[in-house]
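Based on these hints, arrange chain X on the given structure of chain V.
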Amino acid sequence: MTSDKSFFDFISNGLPGPELRKDADNAILPARQLAFSRFRALGLPSVKTEEWRYTNIQRFLKDSFSLAQEEGTITAEQLKTVNTRVPQLDSYTAVLVNGRLQTALSKLPAEGKVSISTLSGAANNTQLQLWFDKHPHLQQQPFAALNAALFADGLFIEAGVNASLDKPLHILHIYTTAENAFIQPRHLLVLHKGATLEIVESSVGLNETAIAFVNSVTEIILEENAELWHYNLQSSEKNSRHIYHTSTVQKADSRYHHFNFTLPSAELTRNNLSVALTGSNTETNLHGLYLATDQQHVDNHTFVDHLVPNCNSNELYKGVLLDNSNGVFTGKIHVHQDAQKTNAFQQNNNLLMSEKASINSQPQLEIYADDVKCSHGFTVGRFSEESLFYLRSRGIGEEAAKTLLVNAFAFDITDQVHIPALQDFLSEKIRKYVSGAINN
Amino acid sequence: MLTIKNLHAEVDGKKILKGINLEIKRGEMHAIMGPNGSGKSSLSSVLAGRENYTVTEGEVIFEGKNLLDLSPENRAREGIFLAFQYPVEIPGVSNLNFLKTALNEIRTYHGLAPIEAKEFLKLTKEKQQLVDFNANLMNRSLNEGFSGGEKKRNEVFQLAMLDPKLAILDETDSGLDIDALRIVAAGVNKLRSVDKAFMVITHYQRLLDYIVPDFVHVLYDGRIVKTGNKELALELEEKGYDWLKEEVHQKESV
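The listed protein sequences derive, respectively, from chains V and X.
Residues in the first sequence are numbered from 1 upward in steps of one, following our numbering.
Residues in the second sequence are numbered from 1 upward in steps of one, following our numbering.
For reference, chain V alone in the conformation it holds in the complex:
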């Protein structure tokens, strides 16, 4: 791409040739073409687009990016470096470099009722054909459409009826590129009836100078009575820009527990998380914790769509903001007319540790049913001087005191994490974060 053309013009010139679509499988080519026309019709969002009001995405697209989506490789030595930056879990691991599965570096479960493969290799799978790019909430999202048109590869995970794994699956997303690149991975998870999985995703960039712009889509289908614990950790370095779409469909009696942990220091993180409740008696828990420093911009855009009666959703997002960082939280809850007996709760709390940090938070509740319980709340605050003095008067230094208070603030979220090693990793991250804040 040349820098005198806008990103949109560049891409709109036509669906780039097959060299940009490495799967080279024609089974989903019509779907890709459809998505591409959708992208062209939607156009790139600007700050005038309601959904992108507080995130000026065009600012992050001004640089020139290669769309080639190089395979990218990493050495065992580099993997060691990555491992110092992600939680060490007793788990299976799937290592992906620029969205492509590295079987040799991975530790996948033995063949069984849970299969983990590449999306490109599954083009003819009936589940893929059934679900690919079908999530209703993805239809209006230009970056999701762009991803469907141009994604290179990703994971396809299918858990059979009543299947489960004896350990969590840790997916390591590693991004490495020598020149500025626009990387588009795509994943599909299908949990059939009664299946249970625990998945931890960690994203790490290995770039020193080049910018990795990652536009990723994960579609998740939870069939009846399936349960997914889904942790998403982002701790890429500064020159990383991320737009994530996680779109989940929940059928009757299914349970979805999602966690978004946005840690320093990618300059842009936009999480689009949406859950469509299409069956009754579901449980949805959405947790988020964002710790931002420097010029980081962290935008959590969530949508819980109550389409049917008797579903429970509970959302809690908390943020700690330093320096000039910027937080955005949008929490949309749509309770349709038929969705009686809905319980939908939402809360967003923020702790500002700097005069220059800011947060924009907007709950959007649209309720068309009359027999429901819904609530939302938003707070923004600073450290309580009295609490700090109390701790210091007991001999606890400023750093340790603030660490205790930030950990306490995050406790509602970290306490819900079911993997102790992950909890430890997070509290260590918090400790380093606070220590960095004080010693800067």
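Misleading hints may appear alongside valid ones.
[Said to hold, decoys possible] Under the rule of at most 30 angstroms between Cα atoms (straight-line distance), these lysine-lysine pairs were calculated in the DSSO-like manner:
| no. | chain 1 | residue 1 | chain 2 | residue 2 |
| --- | --- | --- | --- | --- |
| 1 | V | LYS238 | V | LYS429 |
| 2 | X | LYS100 | V | LYS429 |
| 3 | X | LYS100 | V | LYS432 |
| 4 | V | LYS429 | X | LYS5 |
| 5 | X | LYS230 | X | LYS5 |
| 6 | V | LYS341 | V | LYS134 |
| 7 | X | LYS226 | V | LYS432 |
| 8 | V | LYS167 | V | LYS80 |
| 9 | X | LYS65 | X | LYS226 |
[As the list claims (entries may be wrong)] Which bits of chain V does chain X cover? Going by a derived footprint, with three or more residues having C-beta under 8 angstroms, they are:
| no. | region |
| --- | --- |
| 10 | 92 to 98 |
| 11 | 377 to 388 |
In case anyone wonders, no lab produced these hints; they're calculated from the structure.
Keep in mind that this is a model prediction, so the values were computed, not measured.
Where a beta carbon is used, it is the ideal one built from N, C-alpha and C, also for glycine.
Then chain X, alone, in the frame of chain V:
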């Protein structure tokens, strides 16, 4: 141990302490009494290092060190403990974790290794009994949802755990019923020793029935206007503060 010389302090430009002189030696129990607004709690705040107070004159020497140069945490590490009049509730910080952090920060300051888990547990159990502190509260968030009495017991329990040289009790008796008062006072008495000193701030003589002071000081308008022994407390209980106030004003007009 502690020498306060001509201490003046103000908060938001308002003069609160106007020349306090006080000497506290090891093993001594000092009671500070006085009417509302006389500066009793301010004195404890200045000693503990509360940041909204500005010292404008005078000095405070604690164990040979200039106390006013030290941060609140270093004062605590040097051996000063303030039992708060209104202990703070901190949701999400467990009592146990808080105490362990405090203990280890103090130990690190003195070049000691962190306390062993086993030893910490033993110490905790031992000190809990001292003030009859409910063990169930240990894993709860710090003071969150504690009753007034539980909070005050927790203060004395922390005092026992951190083992300071000088303990300042700021109206620890307020909000306690007579049974809780006895328990807390008994705990304090057990902690008395020849190398520790106490400064007990109170409104009422009642507490001093249980914790017998060596000295009683009356604070009025930012100064110590009278010092006596425990008999002075009894006299105040009987006659109130008005006669003292008159005495002060008479002296001033002379």
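Going down the list of hints, with the structure as the test:
no.: 1; hint: LYS238/V x LYS429/V; verdict: 16 angstroms, holds
no.: 2; hint: LYS100/X x LYS429/V; verdict: 20 angstroms, holds
no.: 3; hint: LYS100/X x LYS432/V; verdict: 20 angstroms, holds
no.: 4; hint: LYS429/V x LYS5/X; verdict: 46 angstroms, violated
no.: 5; hint: LYS230/X x LYS5/X; verdict: 24 angstroms, holds
no.: 6; hint: LYS341/V x LYS134/V; verdict: 27 angstroms, holds
no.: 7; hint: LYS226/X x LYS432/V; verdict: 52 angstroms, violated
no.: 8; hint: LYS167/V x LYS80/V; verdict: 21 angstroms, holds
no.: 9; hint: LYS65/X x LYS226/X; verdict: 27 angstroms, holds
no.: 10; hint: 92 to 98; verdict: violated (count 0)
no.: 11; hint: 377 to 388; verdict: holds (count 4)
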